[in-house]
Amino acid sequence: MTDGVVSTSSSLPDAEANDGAVGNPRAGGGKVPVHKRHSFKGASVNLFYLPAILVLVVFIIYPLLSGIGLSFTNWDGYNDAKAFVGLANYKQMFTDANFKQIVLNTFIYGIGSTILQQALGLALALLLNAKIKGRTLIRAIIYLPALVAPVIMGIMYYFVFQYQQGALNALLSALGMPKVAWFNNAGLSVGIIVVVNSIQFVGVSMIIYLAGLQTMDQEVVEAAEVDGASGWKKFWNITLPLLAPSFTTSVVLNLIGGLKLYDMVKVLTGGGPGYSTNSISTYIGTVYFDNQAAGYASAIGVFLFVLIAIVTWLVNKGLAKLDWEA
Numbered sequence: 001m002t003d004g005v006v007s008t009s010s011s012l013p014d015a016e017a018n019d020g021a022v023g024n025p026r027a028g029g030g031k032v033p034v035h036k037r038h039s040f041k042g043a044s045v046n047l048f049y050l051p052a053i054l055v056l057v058v059f060i061i062y063p064l065l066s067g068i069g070l071s072f073t074n075w076d077g078y079n080d081a082k083a084f085v086g087l088a089n090y091k092q093m094f095t096d097a098n099f100k101q102i103v104l105n106t107f108i109y110g111i112g113s114t115i116l117q118q119a120l121g122l123a124l125a126l127l128l129n130a131k132i133k134g135r136t137l138i139r140a141i142i143y144l145p146a147l148v149a150p151v152i153m154g155i156m157y158y159f160v161f162q163y164q165q166g167a168l169n170a171l172l173s174a175l176g177m178p179k180v181a182w183f184n185n186a187g188l189s190v191g192i193i194v195v196v197n198s199i200q201f202v203g204v205s206m207i208i209y210l211a212g213l214q215t216m217d218q219e220v221v222e223a224a225e226v227d228g229a230s231g232w233k234k235f236w237n238i239t240l241p242l243l244a245p246s247f248t249t250s251v252v253l254n255l256i257g258g259l260k261l262y263d264m265v266k267v268l269t270g271g272g273p274g275y276s277t278n279s280i281s282t283y284i285g286t287v288y289f290d291n292q293a294a295g296y297a298s299a300i301g302v303f304l305f306v307l308i309a310i311v312t313w314l315v316n317k318g319l320a321k322l323d324w325e326a
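Residue numbers (the UniProt record's numbering): 1 to 326.
Just so you know, not all the hints are guaranteed correct.
Unchecked claim - No farther apart than 25 Å at their CA atoms in a straight line, the calculated lysine-lysine pairs in the DSS-like style are these: (1) Lys91 x Lys260; (2) Lys179 x Lys266; (3) Lys233 x Lys321; (4) Lys100 x Lys321; (5) Lys260 x Lys100; (6) Lys260 x Lys317.
No wet-lab data here; the hints were simulated from the structure.
Build the full structure now, drawing on both the sequences and the hints.
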């Protein structure tokens, strides 16, 4: 009995020492408390955000704020001298004789390209989702133009539609038909730009829809087939609702790309004839470099930023309200 008492009492100091090592930060040689270890770990993880935050500040936030500030000045873009002019640049923008047509062109590029890319992209995705021979190669060929710089793509198609030596006019001449001055007609030029832009980026829409088709819940599709759904009924009531996230992503990306279209317009038409095919982006370049009006160009840039933000918000909100239930 005595031995049992002595043994029990002698183990108490060890238990107290261990308890102090775990829970008492003042205990000599003890471990760091759990909450401090978590705080240190959290601080270490936050350090990995710094490069992304720096890139965001340097390349997005600072230029945006700088552009907003410059839009209230008369800076010419070259000299240091600049003066505050208030809303004069914005007033000039809304009274600019060319601006209404330029905004209209921008919406045509955005909406036209978006509609064309959705129709072609979805059709190609449905076709190439089937088990057909060589589908991987065909997908790669369709997607390939998206990897080419828009400037290069524009140059290629310029020599397709060029009047004197263009491939299309050469074909027309060979068939005994008269040549067409494709870029002398503003409406025709705008249509060509929409088509060429859609051809370049239709592969992106196709890939987005393919991803949606391949991650689709097949149990829902099979259940619909058992119930007798097929063809157009199956597509409209089952496939399309299940592709809602892919549809929203593709529409928003295509719309933003079309609204800020620059390279294709600049290479194919240069904004001409006159200002008739200019987009807002190309007009910004004309105002800045040709007219040396950086303050006015900044005001137009701010307008474009706000326009894209509002349109994107409205499209997202509108698509979210649609009844996508399969």
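Checked hints:
| no. | hint | in the structure |
| --- | --- | --- |
| 1 | Lys91 x Lys260 | 22 Å, holds |
| 2 | Lys179 x Lys266 | 23 Å, holds |
| 3 | Lys233 x Lys321 | 22 Å, holds |
| 4 | Lys100 x Lys321 | 31 Å, violated |
| 5 | Lys260 x Lys100 | 16 Å, holds |
| 6 | Lys260 x Lys317 | 21 Å, holds |
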